[in-house]
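Work out the full structure, taking the sequences as your base and the hints as a guide.
Those letters in the sequence shown? Residues 0 to 290, by my numbering.
The set of hints was computed from the structure by calculation and includes no laboratory data. All the pointers check out, no bait thrown in.
Only pairs whose alpha carbons sit at most 30 Å apart, straight line, appear in this in silico DSSO-like list of lysine-lysine:
#, residue 1, residue 2
1, K214, K267
2, K139, K100
3, K267, K157
Now the in silico label distances, taken between C-beta atoms and shown as ranges:
#, residue 1, residue 2, range
4, L240, T203, 17 to 27 Å
5, S184, S253, 12 to 22 Å
6, V41, E133, 47 to 57 Å
7, I247, S209, 21 to 31 Å
8, N196, P229, 15 to 25 Å
In this text the structure is predicted, and so the values were computed from the model without any measurement. Glycine residues also receive a C-beta, built at the ideal position from the N, C-alpha and C atoms.
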Amino acid sequence: MTENKKDSNFLPDQLESSGISLKKLHFGLWYMRNRRLFFSLVVGFLLIVAISGWVYSFYGLGRYFIFDQINDQQSIREMAETSVNLLAGRNNQPLEISPVKVLGSEQSDFVAEINNPNERTAVYFNYSFQANGETIVQKKGFVLPGQRRYLVALDQNKPLGANVELAISQAHWQRLSAREIPDWSKFLQERSSLVINDQQISSTVAANQSIARVKFNLSNRTAYGYWSVPVVLLAYQGDSLVGVNELILSKLKSGETRTINFTWPNLKNANRLEVFTNIDYLDDSNYLPLD
Numbered sequence: 000m001t002e003n004k005k006d007s008n009f010l011p012d013q014l015e016s017s018g019i020s021l022k023k024l025h026f027g028l029w030y031m032r033n034r035r036l037f038f039s040l041v042v043g044f045l046l047i048v049a050i051s052g053w054v055y056s057f058y059g060l061g062r063y064f065i066f067d068q069i070n071d072q073q074s075i076r077e078m079a080e081t082s083v084n085l086l087a088g089r090n091n092q093p094l095e096i097s098p099v100k101v102l103g104s105e106q107s108d109f110v111a112e113i114n115n116p117n118e119r120t121a122v123y124f125n126y127s128f129q130a131n132g133e134t135i136v137q138k139k140g141f142v143l144p145g146q147r148r149y150l151v152a153l154d155q156n157k158p159l160g161a162n163v164e165l166a167i168s169q170a171h172w173q174r175l176s177a178r179e180i181p182d183w184s185k186f187l188q189e190r191s192s193l194v195i196n197d198q199q200i201s202s203t204v205a206a207n208q209s210i211a212r213v214k215f216n217l218s219n220r221t222a223y224g225y226w227s228v229p230v231v232l233l234a235y236q237g238d239s240l241v242g243v244n245e246l247i248l249s250k251l252k253s254g255e256t257r258t259i260n261f262t263w264p265n266l267k268n269a270n271r272l273e274v275f276t277n278i279d280y281l282d283d284s285n286y287l288p289l290d
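Below, the structure is given as structure tokens:
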């Protein structure tokens with residue numbers, strides 16, 4: 000009798016008909032009672048993760064615009080000013096660029112020297128003079144293989160006290176075709192014999208303004224004529240550069256000697272003149288038709 004009574008009060012570990020354990024029933028009952036709390040905890044955790052992500056993103060953006068952007072702009076300016084290593088390509092040396100020389104105060108002239116040490120590669124590019132990271136003026140330029148030339152911008156408004164830098168962009172490196180130009184030195188010599196002589200510069204004052212009178216001769220001793228001949232003039236007082244100017248001569252024929260006279264305003268105390276031509280001898284469209 001005792002054993003039968005004991006068996007009737009004993010609760011089994013699982014229900015025989017369904018095979019579900021009492022532990023699972025207890026867990027299910029607990030979950031049903033606390034599922035709203037459980038759901039709230041999950042949602043709260045996800046909200047914390049999302050808010051943390053947004054806070055970190057805004058912090059990163061704020062830090063970049065306040066601090067890192069200035070450093071990035073400075074790095075870009077330094078790369079553009081000193082060389083164009085990233086644009087040089089695998090087999091080319093970078094261009095060599097001098098610091099910018101600023102002449103004048105209110106209306107300023109900018110000049111910088113650029114050198115291409117590559118003997119078989121011409122470079123075409125955009126160049127800009129910049130102050131405090133802002134572009135003052137942008138122009139197109141080129142430098143032929145092995146060439147050293149000047150990049151100039153005249154009559155520009157420079158912010159007071161700002162440093163002016165030269166930036167090179169969108170450089171296209173054009174390697175000479177060995178079939179079309181097997182000997183670059185010979186090719187250049189046959190086309191670049193433009194002789195400049197009898198350079199004269201003298202200063203005077205007219206209507207309370209300092210001006211300079213400039214004269215020089217340009218002789219085309221090549222078999223080629225040119226539609227356009229850009230000329231850069233550098234004026235010195237002793238060894239100090241005091242002025243820079245540009246001219247474009249049109250339709251210079253083969254064998255022609257041309258005398259150039261002009262007045263250069265706001266230039267004083269200059270006593271020496273250097274004249275350079277800047278012809279792109281690789282530009283077929285600049286050659287006059289042969290007679």
